[in-house]
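For the protein sequence lines, the chains are A and B, in the order given.
Throughout the first sequence, residue numbering follows my numbering, covering 43 to 317 in sequence.
Throughout the second sequence, residue numbering follows my numbering, covering 1249 to 1618 in sequence.
Possibly wrong hints are sitting among the right ones.
Some residues of chain A that are not near chain B, with every Cβ distance over 10 angstroms (derived) [unchecked claim]: (1) Ser67; (2) Glu225; (3) Ala228.
Here are some chain A residues pointing at chain B (derived, C-beta under 8 angstroms) [to be verified]: (4) Ile48; (5) Pro50; (6) Leu51; (7) Tyr139; (8) Leu144; (9) Asp147; (10) Leu148; (11) Gly157; (12) Glu159.
Where chain A lies over chain B, by a calculated footprint (3+ residues, C-beta under 8 angstroms) [what the hints assert, rightly or not]: (13) 1308 to 1314; (14) 1533 to 1539.
No wet-lab data here; the hints were simulated from the structure.
Here a beta-carbon is modelled for each residue, glycine too, at the ideal position from N, C-alpha and C.
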Amino acid sequence: MNSQDIAPLGPDAPVILEMRHISKSFGAVTALVDASIRLHRGEVLALVGDNGAGKSTLIKILSGFHQPDRGSIILNGKEAHFASPRDARANGIETVYQDLALIGDLSIFHNMFLGREYHKRMLGLNLLDNAKMRDLAVEYLKTMEISIPSVNSTVDLLSGGQRQCVAVARSIYSSPTILVLDEPLAALGVREGGQVLGLIQNLRRQRSVSIILIVHNYNQVFEVCDRINFLHSGGIVLDASTTETSEEELIHIVKSGLGGQAIPDAAAEVGAGPA
Amino acid sequence: MSPKLEPKKEQTAPTIEPSLATTRQAGVKTPSTILERLLFILSRYREASIAAVAVALVVYFQIGSHGQFIETQFLGVVFRDTGRFGLIAVAEAMLMITAEIDLSVGSTFALAPYTMGLLSVTWGVPLAVGALVGVALCVLVGVVNGVITVRFRVPSLITTVGTLFFVQGIVVSIYNSQPIMTPVEEPFNEFFGESLYNPRADALFSWHSLSAFSPVLWAILVVAVMSVVLNRTTFGLHTIATGSNPIGAREIGVRTDRIKVYNFMIAGGLAGFAGIINTLQFSSADPAAGAGFLNLEAIAAAVIGGTSLLGGSGTAVGALIGAFVVATLNNGLVMIGAQATVSDIFLGAGILAAMMLNVQVDRLRTRRRL
Chain A
43 MNSQDIAPLG PDAPVILEMR HISKSFGAVT ALVDASIRLH RGEVLALVGD NGAGKSTLIK
103 ILSGFHQPDR GSIILNGKEA HFASPRDARA NGIETVYQDL ALIGDLSIFH NMFLGREYHK
163 RMLGLNLLDN AKMRDLAVEY LKTMEISIPS VNSTVDLLSG GQRQCVAVAR SIYSSPTILV
223 LDEPLAALGV REGGQVLGLI QNLRRQRSVS IILIVHNYNQ VFEVCDRINF LHSGGIVLDA
283 STTETSEEEL IHIVKSGLGG QAIPDAAAEV GAGPA
Chain B
1249 MSPKLEPKKE QTAPTIEPSL ATTRQAGVKT PSTILERLLF ILSRYREASI AAVAVALVVY
1309 FQIGSHGQFI ETQFLGVVFR DTGRFGLIAV AEAMLMITAE IDLSVGSTFA LAPYTMGLLS
1369 VTWGVPLAVG ALVGVALCVL VGVVNGVITV RFRVPSLITT VGTLFFVQGI VVSIYNSQPI
1429 MTPVEEPFNE FFGESLYNPR ADALFSWHSL SAFSPVLWAI LVVAVMSVVL NRTTFGLHTI
1489 ATGSNPIGAR EIGVRTDRIK VYNFMIAGGL AGFAGIINTL QFSSADPAAG AGFLNLEAIA
1549 AAVIGGTSLL GGSGTAVGAL IGAFVVATLN NGLVMIGAQA TVSDIFLGAG ILAAMMLNVQ
1609 VDRLRTRRRL
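Required output: the full structure, derived from the provided sequences and hints.
Shown next as structure tokens:
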């Protein structure tokens, strides 16, 4: 996982997504207050915050699960409204949720093509083209450098890291413009997390898909992302570029605070974290 | 795991061994001990293991009955029951793969032939037409089961107990709970097995024996179709997905509610079809034909055949072999001179053993990835 071989994102990379002044309340609970983020083409953006900071709400608005009370989503320069997850998906936004939505009793290749199966006609019947799906899955996982025992094995035989990789691969297969990964490192050990980070790094190298990573702790993802946004109490409190800010500088900013105001969640994490 | 506490290892700096990382990728360990290997084979070829049990039972009863089991009409009875249980067990297996269950098959089994008989004696409707109407009504019961289960979020165990009594009540009260004698209409009756096969009198390859075996042949045909449906169609794939991970399947775009309703319809239709076959055998439609333990015997057959009650796994072939085991136990024990009631003891023990084995095999399968 070496970031040296990855060229920094050019300053002229176009903005592909903007979420402007998003506010959202659930009854008496205010989840987001005037939160704005932007994402460039090919960029990997980490969204960091503690539980309740509002990152899930922000992402669920982007993926069409929730509608914002105020604010707008600008996709490729045009205002977009997502009434449902289907809408967001149709607009090229794929989300890999924490539960991964993999089917344990089905093979990896069936999981890859679930909901978009290939068929062939045999004896007038519309049957699954398992051979084609198997071959495509093998080829595709190979190009993504994901190592799994066999595409025939069922998903419940895979490790957590492998599952995460298969779920990401499935989402990438429909060539989305934006990929949202919800807590991809949660519940993974160091080695398994490494597998997932390696995959993200590969995608970042190709710069063909823009990625939003939702994480608890920015230390884990510093190496694989271009920018980090800190979310606290429903708003973005710090927007830091990993190419212009070193990890040490970031720790300093987080600890000493920004403009006299400390960044509570992040500071707490730095205090507790291994860094 | 040894109960002895391991001495605490010295804390060293966490280093990632590359060798460990590569073995980890393999995911599946190769079986080492004999027990592991046996369970591995069982988990791979579950149908084969239950088929071995079936063969063993036949051998046991053949010896126990002094060579009567295979050579008399008993075999015909066993096959007829296998067909009857098998048709329902397959449908039950499909439903159980979606993590639902249907107990109302006990009354749809009576509804279809009773409708057929009633239409025939009151309006002279041909049996074939009456049978279609009867099966269609059973499919409708399946729709009701499905919609109540998925829309009103009533567990299917409760929904189908409700429709079990409801439909049974209608069938019994509609004609003063009188059995209806149905006419014999050839070739319709022959197609669905009106006579029993007698190895001593009938040639094996004859129209008569084909007719005699037709219930089990129909069951085999349905099982073949359902195997293709389950393994080679989108519907089958989505059926497995629905039971294996309902939330995940919905997130990825599987219409889990619809899949469940369709499977309830299949269960209703096949139970009705099995009831028609059963009635044509005796030319009498009994309003209480499915009362007793028919629904539970079909579920037992599916479970013995390797279907998990938790959803996600099961096969049509396994359900049919399970049906053969249930039918053999039911008839064979009587054959060798045991009290009819004793067979329930063996059936009960068989279900418990099969279920414990299923759970153990599944646990082993998922634990092996660690």
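Hints versus structure:
No Cβ of chain B comes within 10 angstroms of the Cβ of Ser67 (chain A); the nearest lies about 25 angstroms off, and the non-interface call holds. Listed as outside the interface, Glu225 (chain A) is consistent with that label: its C-beta sits roughly 15 angstroms from the nearest C-beta of chain B, beyond the 10 angstroms cut-off. Distance check on Ala228 (chain A): its Cβ is at least 16 angstroms (rounded) from any Cβ of chain B, clearing the 10 angstroms threshold; non-interface status holds. Taking 8 angstroms as the C-beta contact cut-off toward chain B, the hint placing Ile48 (chain A) at the interface is violated, the least distance being around 22 angstroms.
A least Cβ separation of about 28 angstroms between Pro50 (chain A) and chain B goes past the 8 angstroms threshold, and the interface hint is therefore violated. The beta carbon of Leu51 (chain A) comes no nearer than 30 angstroms to any beta carbon in chain B, farther than 8 angstroms, and the hint placing it at the interface is violated. With a cut of 8 angstroms, the hint placing Tyr139 (chain A) at the interface with chain B holds, because the nearest CB-to-CB distance is about 7 angstroms. With a least beta-carbon distance of about 6 angstroms to chain B, the hint placing Leu144 (chain A) at the interface is held under the 8 angstroms criterion.
With a cut of 8 angstroms, the hint placing Asp147 (chain A) at the interface with chain B holds, because the nearest CB-to-CB distance is about 4 angstroms. Below 8 angstroms, beta-carbon pairs count as interface contacts, and Leu148 (chain A) has one with chain B at about 6 angstroms; its hint therefore holds. With 8 angstroms as the threshold, the beta carbon of Gly157 (chain A) comes within range of chain B, its nearest partner Cβ sitting at about 4 angstroms, so the hint holds. Residue-level restraint check for Glu159 (chain A) holds (minimum Cβ-Cβ distance to chain B is 5 angstroms; threshold 8 angstroms).
Closer than 8 angstroms: that is the beta-carbon criterion, and the segment 1308 to 1314 of chain B has 0 residues meeting it against chain A, so the requirement of 3 is violated. Counting residues of the segment 1533 to 1539 of chain B whose C-beta sits closer than 8 angstroms to any C-beta of chain A gives 0, which falls short of three, so the coverage hint is violated.
Checked against the numbered hints given earlier, this structure breaks hints 4, 5, 6, 13 and 14; the rest are met.
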